[in-house]
Amino acid sequence: MSDITSQTLTSLVKNIKEKKLSSEEVTKAFVDRSEKSKELNSYITEDFSNAIDKSKKFDEKPNLDLKLPGIPIAVKDLFCTKDIRTTAGSKILENFVPTYESTVTQNIWNEGAILLGKLNCDEFAMGSSNETSFYGNVQNPIDKGLVPGGSSGGSAAAVSGQLTPITIGTDTGGSIRQPASFTGTVGLKPTYGSCSRYGIVAFASSLDQAGPMSQNVEDCALLQEVISTYDNKDSTSIDFKRGQYSKELTKDIKGKKIGIPKEYRVEGMPKEIEELWKKGIEYAKDCGAEIIDISLPNTSYALPTYYIVAPAEASSNLARYDGVKYGFRAKGENLIDMYEKTRSEGFGSEVQRRIMIGTYVLSSGYYDAYYLKAQKVRKLIKNDFDEVYKKVDAILTPSTPSSAFKIGEKKNDPVSMYLNDIFTVPVNLAGLPAISIPAGLDSAGYPLGLQIIGKAFQEQEILNLAYAMEDKINFKNKITDWWIK
Amino acid sequence: MSIDLKTIKHISKLSRISVDEQKAEKLAGDLNSIFKFIEKMNELNTDNVEPLTSVAETTLKFRSDEVKNQNIREQIIKNSPEDNEDFFVVPKVVE
Chain A
1 MSDITSQTLT SLVKNIKEKK LSSEEVTKAF VDRSEKSKEL NSYITEDFSN AIDKSKKFDE
61 KPNLDLKLPG IPIAVKDLFC TKDIRTTAGS KILENFVPTY ESTVTQNIWN EGAILLGKLN
121 CDEFAMGSSN ETSFYGNVQN PIDKGLVPGG SSGGSAAAVS GQLTPITIGT DTGGSIRQPA
181 SFTGTVGLKP TYGSCSRYGI VAFASSLDQA GPMSQNVEDC ALLQEVISTY DNKDSTSIDF
241 KRGQYSKELT KDIKGKKIGI PKEYRVEGMP KEIEELWKKG IEYAKDCGAE IIDISLPNTS
301 YALPTYYIVA PAEASSNLAR YDGVKYGFRA KGENLIDMYE KTRSEGFGSE VQRRIMIGTY
361 VLSSGYYDAY YLKAQKVRKL IKNDFDEVYK KVDAILTPST PSSAFKIGEK KNDPVSMYLN
421 DIFTVPVNLA GLPAISIPAG LDSAGYPLGL QIIGKAFQEQ EILNLAYAME DKINFKNKIT
481 DWWIK
Chain B
486 MSIDLKTIKH ISKLSRISVD EQKAEKLAGD LNSIFKFIEK MNELNTDNVE PLTSVAETTL
546 KFRSDEVKNQ NIREQIIKNS PEDNEDFFVV PKVVE
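Top to bottom, those sequences are chains A and B.
Residues in the first sequence are numbered from 1 upward in steps of one, following our numbering.
Residues in the second sequence are numbered from 486 upward in steps of one, following our numbering.
These are computed hints drawn from the structure, not numbers from a lab.
Treat the numbers as computed from the prediction; the structure is a model and nothing was measured.
Note that beta-carbon positions come from the ideal geometry of N, C-alpha and C, so glycine has one too.
Don't take each hint at face value.
[Stated by the list, open to error] Below, a list of computed lysine to aspartate or glutamate pairs in the EDC-like style, where the Cα atoms sit at most 20 Å apart:
| # | chain 1 | residue 1 | chain 2 | residue 2 |
| --- | --- | --- | --- | --- |
| 1 | B | K563 | A | E101 |
| 2 | B | K525 | A | E340 |
| 3 | A | K325 | B | D568 |
| 4 | A | K331 | B | D568 |
| 5 | A | K17 | A | E111 |
| 6 | B | K491 | A | E340 |
| 7 | B | K577 | A | D322 |
| 8 | A | K233 | B | E551 |
| 9 | B | K494 | A | E461 |
| 10 | A | K241 | B | E542 |
| 11 | B | K553 | A | D53 |
| 12 | B | K511 | A | E409 |
| 13 | B | K563 | A | E94 |
| 14 | A | K82 | B | E559 |
| 15 | A | K341 | B | E567 |
| 16 | B | K508 | A | D337 |
| 17 | B | K498 | A | E101 |
| 18 | A | K382 | B | D532 |
| 19 | A | K331 | B | E580 |
| 20 | B | K577 | A | E333 |
| 21 | B | K508 | A | D252 |
| 22 | A | K382 | B | E542 |
| 23 | A | K325 | B | E567 |
| 24 | B | K498 | A | D322 |
| 25 | A | K19 | A | E46 |
[Unchecked claim] Simulated DEER-style distance windows between Cβ atoms:
| # | chain 1 | residue 1 | chain 2 | residue 2 | range |
| --- | --- | --- | --- | --- | --- |
| 26 | B | S549 | A | I291 | 46 to 54 Å |
| 27 | B | N556 | A | E94 | 43 to 51 Å |
| 28 | A | D32 | B | T543 | 42 to 50 Å |
| 29 | B | S549 | A | E290 | 44 to 52 Å |
| 30 | B | K508 | A | E290 | 52 to 60 Å |
| 31 | B | R548 | A | V415 | 42 to 50 Å |
| 32 | A | N412 | B | E580 | 44 to 52 Å |
| 33 | A | Y100 | B | Q507 | 50 to 58 Å |
| 34 | A | S295 | B | N533 | 16 to 24 Å |
| 35 | B | S518 | A | K257 | 36 to 44 Å |
| 36 | A | K254 | B | N564 | 48 to 56 Å |
Start from the sequences and build out the full structure, keeping to the hints where you can.
Now the structure itself:
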């Protein structure tokens, strides 16, 4: 089979289970394509020869009852992987080799998957274009010179470019959904507490969630089923009854009530996005869903709130990088000088900016005016969702206010970069699940995504809606393999 | 409100990130434009609103407070930039 890398995860699993393909054949195909795809700069650390060894071992005694039997998977370099370097896209962790495994990745290996390597991301997941990574820009497989989005940019590029059948990213303010939208792929941010945060390099702990990024909804459901487990090593992991998401997947969404929030019609939004949204509404109607106009009145306050809460949590989470216990150390004249130089040389400029914002809003005299105020606004934003969920089952919005932009275009304007997350951030503040599915192309041929936001713990509901709509949309990603010589 | 260089120096000290003049000026510019955008939040009346600290509406689970001898001393020290036997080494702090 020559077209192994263009197969969906579901089809690869089926072929391995039916012994039509071996794990070694599949792994070699993805390794080979990854080797030819260096120009995308998707990987920070490759683990190709180990992956092939592991695939051979799998084939010697294949356990075909597993959910991901011998499937090679590359993961975002924010997940700690035992004995494999984990950088979080930062210079400060350039030589960090974890002695333990994150729960989410462990869940994947337990189901038979094999690590291909660690994927590029914005430094400490802070960014929307993958340009803050110490390890360089990632190219969007859609077109040369285009950002893949961020922070899970390497992950999105790797799925879209078919370097891995599926992957996992993390989403603090849109870091799974925005890059999925920019690369024509599917990305799910689960409910806060659904996937364990244990072993994920922390950014903003009250917002961070891991989730799948895939070629289609069915694959996404299968991986979500594997990674979502209750974990006592994460004190905010929630013990609720998780579904068999892939088995319970259905296109029957008749009578489901979908809300359309008027506040997401933002000023300056390109006409193409507006059109896409309208088309999305028609698709949902075609599937038998009922459309209801709703209001989320505090939407415009979500981004300002996020840019207090997330940096505040980041500034305290990143206090651990002091050049003593692990990570990069700069030489200093004394202890304090060593700390200050280590952090100044070890962190990139966006991370420093956010640590500074966070430190400021938590500092004496400003705490009430900024941090406490933001927590109160966060409550109002969550109340908005609680209120509309009395009337609707889910909410449909565009995923991003634009398609992918050029590398360098927004790099020097932090606020315009932050505006990218305008539709995704409210979901993290309220702790809800949301999925982005590719829904069309703009005039330049760049993908655009639609976002379906669900009630807490109702991943199945939004997966079903996405599954039904995906069928109607019938999106085809235009990947020309321009980077393969 | 505007964040001046003196404030930048103060925050840099609190966050243990060294900042030279040039970097301080760049940061002041960036932070001022970011805070101008953040100030929008103040339009909202939040009197009598409870601050939301966590969206996970569950009570923390208790576990027994047991000492576990996992014997991971070597693992803990493994990634340190400088160590000496079982200790992290830092620049001299007492004369």
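**Report entry** Earlier hints that do not hold, by number
**Finding:** 2, 9, 11, 17, 21, 25, 27, 33
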